[in-house]
Amino acid sequence: MLKLVAKSPAEGLVPIAVGAMELNEVVPAAITSIACYHGQSAALSAALKEHHGMALPKTGQATGRAGARAIWAGPSVFLVGPEPDADLSNHAAIVDQSDSWCVLNLKGADVEAVLARLSSVDMRLKSMKKGQVVRSQLQHMNAIYHRVSDDSFDIYAFRSMAKTMVHDIDRAMRYIASRA
Amino acid sequence: MRLSDYGQIDRGNAVSFRFDGKTYGGFQGDTLASALLANDVRLVARSFKYHRPRGILSAGSEEPSAIVTVGSGVHQDPNVRATVQEIYDGFEANSQNRWPSLKHDLLSVNDLMAPFLSAGFYYKTFMWPRAFWEKLYEPVIRRAAGLGALSEKPNEDTYERAFAHCDVLVIGAGPAGLWAAYQLAQTGLDVILADEDFCMGGRLNSEADQIGGKPAADWAADMVATLDQMDNVRLLTRTTVTGAYDGGTYGAVERVSHHMNDRGGDRPLETFWRIHAKRAVLAAGALERTIGFSNNDRPGIMQAGAVRSYLHRYGVATGKRLVVFGNNDNAFRTANDLSAAGVEVAAYVDARADAAIDGDFPIYRGAHVTDTKGRLGLSSVQISDGGRTHNIAADCLAVSGGWNPTVHMTCHMNGRPTWDETIASFVPTAGSIPGMSVAGSAAGHLSTSACFESAQDIAARVAGDLGKTTPADPLPTAENAAYAIEPLWAVPGKARAWLDYQNDVTVKDIKQAAQENFRSVEHMKRYTTQGMATDQGKNSNVAALAILADATGRGIPDTGTTTFRPPYSPVAIAAMGGEARGTGFAPERFTTSHAVAKDMAAPMIEAGLWYRPSYFPEHGETTWRQSCDREVMMVRENVGVCDVSTLGKIDIQGKDAAKLLDFIYTNMYSTLKVGRVRYGLMLREDGHVMDDGTTARLGENHYVMTTTTAAAGLVMRHLDFVTQCLHPEWDVSFISVTEQWAQFAVAGPRARDLLSNFVEDDISNDAFGFMQCGAMNVMGVAGRLFRISFSGEMGYEVAVPARYGESLFRLLVAKAKELGGGAYGMEALNVLRIEKGFITHAEIHGRTTAFDIGMERMISAKKDCIGKTAAARPGMVDPDRECLVGLKPVGTVKQLTAGAHLFNEGDAATRANDQGYITSVGYSPTLGHFMGLGFLRNGPNRIGEHVKMVDHLRGVEAVCEVIDPVAFDPEGGRLRA
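Protein chains in written order, with this note's numbering: chain A, 1084 to 1263; chain F, 182 to 1158.
The following block holds chain F by itself, in its conformation from the complex (with noise of 0.2 angstroms):
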């Protein structure tokens, strides 16, 4: 019901909005919660596990029961808490975890069955058959026993990540946030104030109080516009300080447009900041608790400062008939603001039997309300007073078993808080967030005057720590009654009383913990449930831990609290991947050629980050493996034009270039002529082969390495960490020169021919042999040319400026079409390499060694080389170790699989008669067959024995005959030619 006297909503914008399909009235300010509240809709939703009717309990973050889903179809949003959720014109959500309808849900029936499913009932009932767990057990539990559904379509709303630093993060923007941020941000500091809330002013908003001659409200007003106005200060609303984590790092995930009409488009859904602070003040408030007595989670049942704040806010009065239940003077509060609204306030129910209060409603001192009716909404109450029993009808309870310091943050990093016996609560135990302090009622001061006042004193030091000076302006007057609580956890009962509202735990369920001897409050936890739902147990935790201490006959200090993890509240994890999904996951690398090779129709492969052609398509192919056959013969017979620009190059120079490449290469580049190339190994520490490729010396101190795609990085990260750590006294440098160069590859027998189109030097054999290098005015262009061969054919490599890139490949694919030759990709690339043996990392995958592959002689002798060492040790060198080796079919299936193991022809395909696997393979349309490249142990004394090959993923076996890896051209005349 709407009271017009009341609320800071904005009646000149009235909105419409639907829940559960029917269309209700709201005003722009309202939450969904208020907005439902203000329609008299009690019933919002069902509970986890009984599936029990239950309202709204709180009008915070901290809500346990209001959880709904927002919006339909790809946009739909499970579990949000209606008290948070702000309302606008258009607005849809549905209630969630029943069918077929909120008041008529059959899996209400479970409700039925609690005896039976108490505290460890899954555990206790769910043990066997074992089997049965996964296939049937839990499924039925999971569809019974739920909350919302995503839509399970890909998400299409984006989420945004976004960096912040400043000197002090204010967490929470209430009296204490407030004037903690006022403070500081008259230094000069810079400050961000985060609050979660869309209006900042936390408890100010909801209350009845003046605060300097103002209503409380129109002060915090006032104060945020004093702040907004402040260019050192940024005020963030909407935005839940999650985390704290090392180095004065706080996670923060800002609501930005789930208050709006109009989702899409470019503004995000929410952004997930990282704050970067040098010291944060944490003024984060302090969350009202329930109490334990039988039937306590009827719609109608409500935290005594919700209920104010629904009046106050909202000017939402939340029943016609009030009773209140309390153990303290705050409780108090709410049936005089109440009464004094116009509402009856049928009873106010204190546990304590002095309190010291007056009312003009019934008020029962040392009483406890023992029970409650109503099967969809409260009806009545039941009060015990002093052995009297009296049923009062009403339609709202409010309940205040006192208040807990919001400490969560405080222990992100471990910390646990301390017991304060005056106020019956946990308080944060000082430093246990290096550079955060905390301040207001989070600290424990719960009256307005007293957070004031500790905000003043912890903005002094904060600003004093960081060398400036607060003004220590007048605090401003405000209320500081007296809060005089008494410790009340529970009241005995029959009927379940309920602790956590959203995993359905009872006090029953804790004691019965307890007597199992799930004594520790961390195994009570994981036993009833108790916290593990999204509230994470922000109103019930220290009621159930009281409640353990109770049963096992410690104190609460003893007891100790659940570990507080990160987040504070729950935060998507779309918010936390934020632009990081789809192509947005890892930066897109493409060669200068990559339009071109687009315009040709070439579907591309990743290598890495690189994107690269598989093959060219010619008209009338319609399989990959005519396009690759037509491109490998082009290159046998003709000529071919491959991108590998991908490839690492890294241009080293200074006067130790040589000893570093002596060091990291098995072989010698010392003596590597000026204008020539070499192709290295590289091993590991450990003596496995890292890495290989070619490098040329340019110059007496300039060599240029190029290293493979994949292990461009991994090699360069290796040359930083020899030259820094293991002889920071060389004289050398290096630097990547990846994407300074355009480098194709134009090989076949007719590469010359195509080259002499471009290049006015002798390219002839004698004057620009085999492995030679150097510098080449390539069309005008100053450029390289690299007399190598990954093809087995006549091969050079002609490198250019990357501007010049697209240009020359797309004329060198011209005028090798004249030539009947044209672009090969790296299908063709892959199959011309395995007829020659060329390895790659299928081969060389990390567990491999010189020896395996057939190198160990590249291992000089005549110097010291990293992994040297390692290399020797006997196993590494053992004969009967897996060796490459050539395979080719020879049986009734010709077809050969990459990691399909061998076995011998007689022995079962099993792991222990293992002999080893296939790496690489591809049909060789030059040899007529499929070839491959594996493993075998003593492979190289078996040429010519035949060995089974099974893929047992695949269901392929096959004949195979061992042959030498180098298939093609073994004396290798084509690539000399």
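If we strip away everything but chain A, and leave its shape as in the complex, we get (with noise of 0.2 angstroms):
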């Protein structure tokens, strides 16, 4: 029989380096939207820390480590990395996301001023702290922002929108390194 082939949404795309910044894919090997019942958080909570090691979220907010991370992404809550536990299902709606999104992490000594350029949400070091997350824009669509290291942030946009996403941010990296 016929074998169908992945393919990941920044292939051929990426890695870019340029001057101090480099951008690569990352590829969790699940994302799954989680969103809570009404009535239902504590339980979730629970369940999540139970079944996958991290509590709830808050807004604005990530819990969990690399390779099992909840971030807070709006309306719902994103678990990335393993996949779901069935248990969560009796507390939320858990919907698969793990090819509606194209992500990328952007590292380097420039990435405040890579940052400024995608998105007018103020993401310098000192104001978003290591774990912080933010729903915003990149350019003209929409992104969510992980701050995941000192100097690197998981960036979150469409999986269609990738060739654009990266193209504005590389140019916003070649703009950067071009006045060093």
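Take these hints with a grain of salt, some might be off.
Said to hold, decoys possible - Here chain F is said to cover these stretches of chain A; the calculated rule only asks that three of the stretch's residues, wherever they fall, bring their Cβ under 8 angstroms from a Cβ of chain F: (1) 1125-1132; (2) 1143-1150; (3) 1162-1170; (4) 1182-1194; (5) 1227-1234; (6) 1256-1262.
Unchecked claim - Pairs of lysine-lysine, DSSO-like flavour, derived with a Cα cap of 27 angstroms: (7) 998(F) <-> 1086(A); (8) 1209(A) <-> 459(F); (9) 1090(A) <-> 1209(A); (10) 459(F) <-> 1212(A).
Please keep in mind that the hints were generated in silico from the structure rather than gathered at the bench. We put the CB at the ideal spot given by N, CA and C, even for glycine.
Since each chain sits alone in its own frame, please combine them into the complex, following the hints.
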């Protein structure tokens, strides 16, 4: 029988390194939207803790660690990494989003300056701490920004817009590098 | 003329540049203006209206006269102020608004016509005949009066937009700005210090003063170096803060590479900043104003302060023989400094009879300059001194009418400045911009010492607001000379006395406006064009309104100012647009099959932000119609594959999911069985159709809705509104899964044959009938299958996670080809659905109702839904409304066009006779003729009638027969096969 071949959202577009910055694709094993049913947040948080080792994140926050995180994503929370335990669906609407998002890691000394060209939100390192999450824009598209380390952010945008996403970040990186 | 002992230019770095084709030398650190003056070039421009010879008036961004075009070809940059533009090796600029040359400008004939061209001339003269204005007068006037021109080629420069955030934005880096920034920075607050100049320091770089025992410019440089070392300070040079906006947001434009030779590459030309600051300190300084006297616009007549700038900052003597004319002690500094530099001061003319000054040059107290001479540059000055007249040879006349605090930004939110009698100027009104304080001479403190004091005070207050305490360092010692101004706006005289140099407005024009009853300052401005040029009248507005006040017998405070609006100085539209042009205007959305379709040479059309293939040309096909016709027949007779992933897909879950669907759709979804799909119609609150699509029930509390491609975002917003505002109590959540699933339509009599290569489950009609859906193993991948059809043929839509989309499409098309089928694009999809009378947003365009599209019975009587009540209003179900019909041409003209209107056969094709319009057309190879869908008055009852289609725009007229919109397989047997 024929076999389907998988392709990642940013395949062929990254990695890119410009000046002090690099842009790499992150391909989580799974991304799952968890939208809590009415009155279930405590139970959901407990279930998340029990099955995946992290509490339900508060607004603008992420919990867990690399490989198994829960990040606030606006109306719902995204479980990034593990396949969701079936128990979660007792407390929340569970929707597979693994193929919906292009996730890129932006890393380097000029990360603040690059982000300042993509979004109006204050993501200076002194303002946005590790583990904080922001839903904002990336030029003209929706994006989720998650600061994952001292000098890097995971950025989520729609898969179909991956080319524009990479283009916009690449251009911002080149603008910054040109001023060095 | 360059003076060896003066200036802060880099003499080790000589640069060569060209102006009007001639090569000159200058130094790094020169502006075009300073370098031209160093080369004794005084004539640099022609004025806007009268083509008067003009020189350099100022040394800053307020320059009204020395406006040039920089570069050529696509990089041509018109209306650049020579006083701001830095030179570099290879720099090239040209004068503008002259022909054939700056010295011999034929249109200077306008100047001789001046008696006829006074204020209001256009309004009075070009009133009639009416049509002549647009066709004749305006083009001629525009050609005669103008500034620089663009290249008319696409702009190849790059512009960037960026955001910045800080605790305090300090605007202006003169003494007040530097000191305020230093005080604030020491508290640990994040400070952005922005200055429009390429060298911070403001007037400190232009005066002979000492600060704290150091030359002022050195003190400024040391302070800038100190600030630069601080982590919490960001210095933005060449950055003009252009406007104050809501919520502590400021616009600023940074000239990133206008001063560099290697323009292009990755470096933007300009960056447009949006700076968000908790507090702002405006330390923008003050601008020197001129005095209106006869022929006060000749090249060589300059601001007194600018003459000092050229001396101290650039080491340039602006003339060999100087006359200074002023009404304040500040003007006297110019005479003193130039005299000290060895320039001959032929006269110091002070309007004040009691001026307490002394110098070793001729001083005229209580005297005025009354006229000047010199065609292309000043040659002599006429002085009136208590009834006696002197003519004094001079090539430079330095004028100071006093200083206007730069209040502009404080007025950007409709604030008005306050008149301060002691300095005869407007000063900012406190609280005009929330969060902004004003320090230094911008607040009316006109000595360096007073500037420091004010900056110290403002910084302490701003820091206090933000919970910090400034160190209150001892203030640097600085000059604290008296200003002692006595207002003088205009000197009476016979010849024209200029106020607005850029728009050629004279004292007489202002008086005439008052005489003709344009007494309001806003009316005067528009009647005379005072302050309406690119410099916005920075050195002339106050004098103009003072003269208006005098002419109308009011005081200056009563007369008031015109409205100050952003930007403070000109900003290229390109800078505000930044990267948002061409493909940067909006994101491009690509389906997973995009690359495969491109490989198949499919031309793309845009649907929303998506790119979708129009058709897939085969060898030998030369027109799109050939490909389209083939693809239609392929689907009708065999099998076709089409990427339909762009349709909106919304996953809806929760115990109230069915309630939500029943409420937003006209028909019932709570009764839909699990594993089934239903077509639904959604209305707006006003009863018109919002969107349509199919929704599948995957589980008891789990639905997947599809929307049209175009309305996906709209429907999502609608769902948000309903669940957040109308029924927040419903336990239901939804999320877009449009991106998650790659979905392909497989349609045609052999669709099942094709699909059976990809799925192991039984998909026969009995096992998986029409409008069934469910999870499906697609080649080992967890997918979904829907038995729906938009073509009228046996149809499936197969969905797999997007990562497999490209692979599945490639395989589906390859297998389809083996069966004699293939891929089909939007053109064929459109023809297929027109043949079946299926609607798209061409039909549900926002003004049609369920009744209009023949779906009024879909509004369930058993329940309420959004739009139901409004849709039942009598006018919405009037049989005489324009309703959906099919059309086919039956006359000699066989073509139909979308957008054409319908008329009764015997009627004239006029608006009053309009019977309807056509929304969609296509040539149907199945039916062998063009077919259209459209809306016709009382349409459903007129099947078989003939109507006339008239396309006024394209000039097409055709006789049509009204037919059932479902022209092909009306029983629907094929899609259930």
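Each hint tested on the structure:
For the segment 1125-1132 of chain A, the stated coverage by chain F is violated: 0 residues have a C-beta nearer than 8 angstroms to a C-beta of that chain, whereas at least 3 were required. With 0 residues having a Cβ less than 8 angstroms from any Cβ of chain F, the segment 1143-1150 of chain A misses the three-residue criterion, and the hint is violated. Only residues whose C-beta sits within less than 8 angstroms of a C-beta in chain F count toward coverage, and the segment 1162-1170 of chain A has 0 of them, not enough to reach three; the restraint is violated. Check on the segment 1182-1194 of chain A: 3 of its residues sit with their Cβ under 8 angstroms from a Cβ of chain F, so the three-residue criterion for coverage holds.
Only residues whose beta carbon comes within less than 8 angstroms of a beta carbon in chain F count, and the segment 1227-1234 of chain A has 0; fewer than three means the coverage is violated. For a cut-off of 8 angstroms, the count of residues in the segment 1256-1262 of chain A with a CB near a CB of chain F stands at 5, and the three-residue condition holds. For the hint linking residue 998(F) to residue 1086(A), the alpha-carbon distance of about 18 angstroms falls within 27 angstroms, and the restraint holds. For the suggested pair residue 1209(A) and residue 459(F), the alpha carbons sit about 16 angstroms apart, so the restraint of at most 27 angstroms is met.
Our distance criterion of 27 angstroms between C-alpha atoms is broken by residue 1090(A) and residue 1209(A), whose separation comes to about 37 angstroms. Between the alpha carbons of residue 459(F) and residue 1212(A) the distance comes to roughly 20 angstroms, so the proposed pair stays at or under 27 angstroms and holds.
This entry does not satisfy hints 1, 2, 3, 5 and 9, going by the numbered hints stated previously.
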